[in-house]
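Asks: Sequence:
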Amino acid sequence: MSQQEQLSQKEYVVKCKKAAKDGNVVAQNTLAYMYLHGHGVEQDYNETLKWYRRAAEQGYGIAQYNLAIMYHLGTGIEKNSTEAIKWLQQAANQSHGEAQNQLGNMFYQGQGIMQDYEMAYLWWQLAESNNIDDASNNLLKVSEKMSSAQIHQAKQLIQDWATKH
Numbered sequence: 007m008s009q010q011e012q013l014s015q016k017e018y019v020v021k022c023k024k025a026a027k028d029g030n031v032v033a034q035n036t037l038a039y040m041y042l043h044g045h046g047v048e049q050d051y052n053e054t055l056k057w058y059r060r061a062a063e064q065g066y067g068i069a070q071y072n073l074a075i076m077y078h079l080g081t082g083i084e085k086n087s088t089e090a091i092k093w094l095q096q097a098a099n100q101s102h103g104e105a106q107n108q109l110g111n112m113f114y115q116g117q118g119i120m121q122d123y124e125m126a127y128l129w130w131q132l133a134e135s136n137n138i139d140d141a142s143n144n145l146l147k148v149s150e151k152m153s154s155a156q157i158h159q160a161k162q163l164i165q166d167w168a169t170k171h
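Residues in the sequence shown are numbered from 7 upward in steps of one, following this note's numbering.
Among the clues, some could well be false.
Said to hold, decoys possible - Label-pair restraints from in silico Cβ distances:
1) Gly-29 to Gln-115: 16 to 24 Å
2) Gln-156 to Gln-15: 47 to 55 Å
3) Gln-115 to Ile-83: 42 to 50 Å
4) Ile-83 to Ala-168: 31 to 39 Å
5) Lys-23 to Ser-154: 19 to 27 Å
6) Lys-170 to Gln-64: 34 to 42 Å
7) Gly-116 to Lys-170: 19 to 27 Å
8) Lys-21 to Gln-165: 38 to 46 Å
9) Lys-16 to Gln-117: 36 to 44 Å
10) Lys-16 to Asp-122: 17 to 25 Å
11) Lys-16 to Met-152: 33 to 41 Å
Unchecked claim - Taking lysine-lysine pairs in the DSS-like style, the calculated list, with each CA pair at most 27 Å apart, reads:
12) Lys-161 to Lys-147
13) Lys-21 to Lys-56
14) Lys-27 to Lys-16
15) Lys-56 to Lys-27
16) Lys-92 to Lys-27
17) Lys-161 to Lys-151
18) Lys-92 to Lys-56
19) Lys-21 to Lys-92
20) Lys-24 to Lys-56
21) Lys-85 to Lys-56
22) Lys-92 to Lys-170
23) Lys-23 to Lys-56
24) Lys-56 to Lys-16
25) Lys-92 to Lys-147
It is worth saying that the hints were derived from the structure and are not from the lab. Small disclaimer: the values here were computed from a predicted structure and weren't measured. Positions of the beta carbon are idealized from the N, C-alpha and C atoms, including for glycine.
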């Protein structure tokens, strides 16, 4: 990296930090990503969590999803399915497709939450409508395990969700 590129990167970090401190959710999410991967700053999971949480608490769906995945995987923090599900649901309710897909996975597997094929169907159907590649195959997989009454109930859940969101 040339000296000019290093200077530009440092300037970018300074501007990003200022915008994040001023409450800009995109900057907060970007800064968290930079700390997570050590781009332009020293890798620091505490800073990552701090900035993802600030953006997530302001309702920024991408940050909610990112924070959920950190809790789900235990990246820089102890695994916590309850927190992961909480943040995934908030992001999913804002039509974040990856969050919807991940919730479908968790309901299907009973991972940190009671196994529920109808809820898996709901979230995977919504993820499919957001063009998430795995969702179609996941829907087929769960449909094979469900009765027609369960599928009917899951479709009702989708309609209820659409009415609320």
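Asks: Does each hint fit the structure? Answer for all of them.
Replies: Hints and how they fare:
1. Gly-29 to Gln-115: 16 to 24 Å: For Gly-29 and Gln-115 the Cβ distance comes to about 37 Å; the hint is violated.
2. Gln-156 to Gln-15: 47 to 55 Å: With a Cβ separation near 53 Å, Gln-156 and Gln-15 satisfy 47 to 55 Å, so the hint holds.
3. Gln-115 to Ile-83: 42 to 50 Å: Violated, at about 21 Å.
4. Ile-83 to Ala-168: 31 to 39 Å: holds (34 Å)
5. Lys-23 to Ser-154: 19 to 27 Å: Once the Cβ atoms are compared, 55 Å apart, the range 19 to 27 Å for Ser-154 and Lys-23 is violated.
6. Lys-170 to Gln-64: 34 to 42 Å: Hint violated: Cβ distance 21 Å, outside 34 to 42 Å.
7. Gly-116 to Lys-170: 19 to 27 Å: Taking Cβ atoms as reference, Gly-116 and Lys-170 lie about 25 Å apart, which means the hint holds.
8. Lys-21 to Gln-165: 38 to 46 Å: Taking Cβ atoms as reference, Lys-21 and Gln-165 lie about 45 Å apart, which means the hint holds.
9. Lys-16 to Gln-117: 36 to 44 Å: Since the Cβ atoms of Lys-16 and Gln-117 sit about 41 Å apart, the hinted range of 36 to 44 Å holds.
10. Lys-16 to Asp-122: 17 to 25 Å: violated (49 Å)
11. Lys-16 to Met-152: 33 to 41 Å: violated (55 Å)
12. Lys-161 to Lys-147: It holds: about 16 Å lies between the C-alpha atoms, which stays within 27 Å.
13. Lys-21 to Lys-56: With Cα atoms ~18 Å apart, Lys-21 and Lys-56 stay inside 27 Å; holds.
14. Lys-27 to Lys-16: Between Lys-27 and Lys-16 the Cα gap is close to 17 Å, so the pair holds against 27 Å.
15. Lys-56 to Lys-27: holds (11 Å)
16. Lys-92 to Lys-27: Roughly 25 Å separates the two Cα atoms, so the pair holds.
17. Lys-161 to Lys-151: The hint holds at about 15 Å.
18. Lys-92 to Lys-56: Holds - the C-alpha atoms of Lys-56 and Lys-92 are around 17 Å apart, at most 27 Å.
19. Lys-21 to Lys-92: violated (31 Å)
20. Lys-24 to Lys-56: At roughly 15 Å apart (the allowed maximum being 27 Å), Lys-56 and Lys-24 satisfy the hint.
21. Lys-85 to Lys-56: holds (16 Å)
22. Lys-92 to Lys-170: holds (18 Å)
23. Lys-23 to Lys-56: holds (12 Å)
24. Lys-56 to Lys-16: Distance ~21 Å between Lys-56 and Lys-16 Cα, so the pair holds.
25. Lys-92 to Lys-147: Holds: Lys-92 and Lys-147 sit about 25 Å apart, inside 27 Å.
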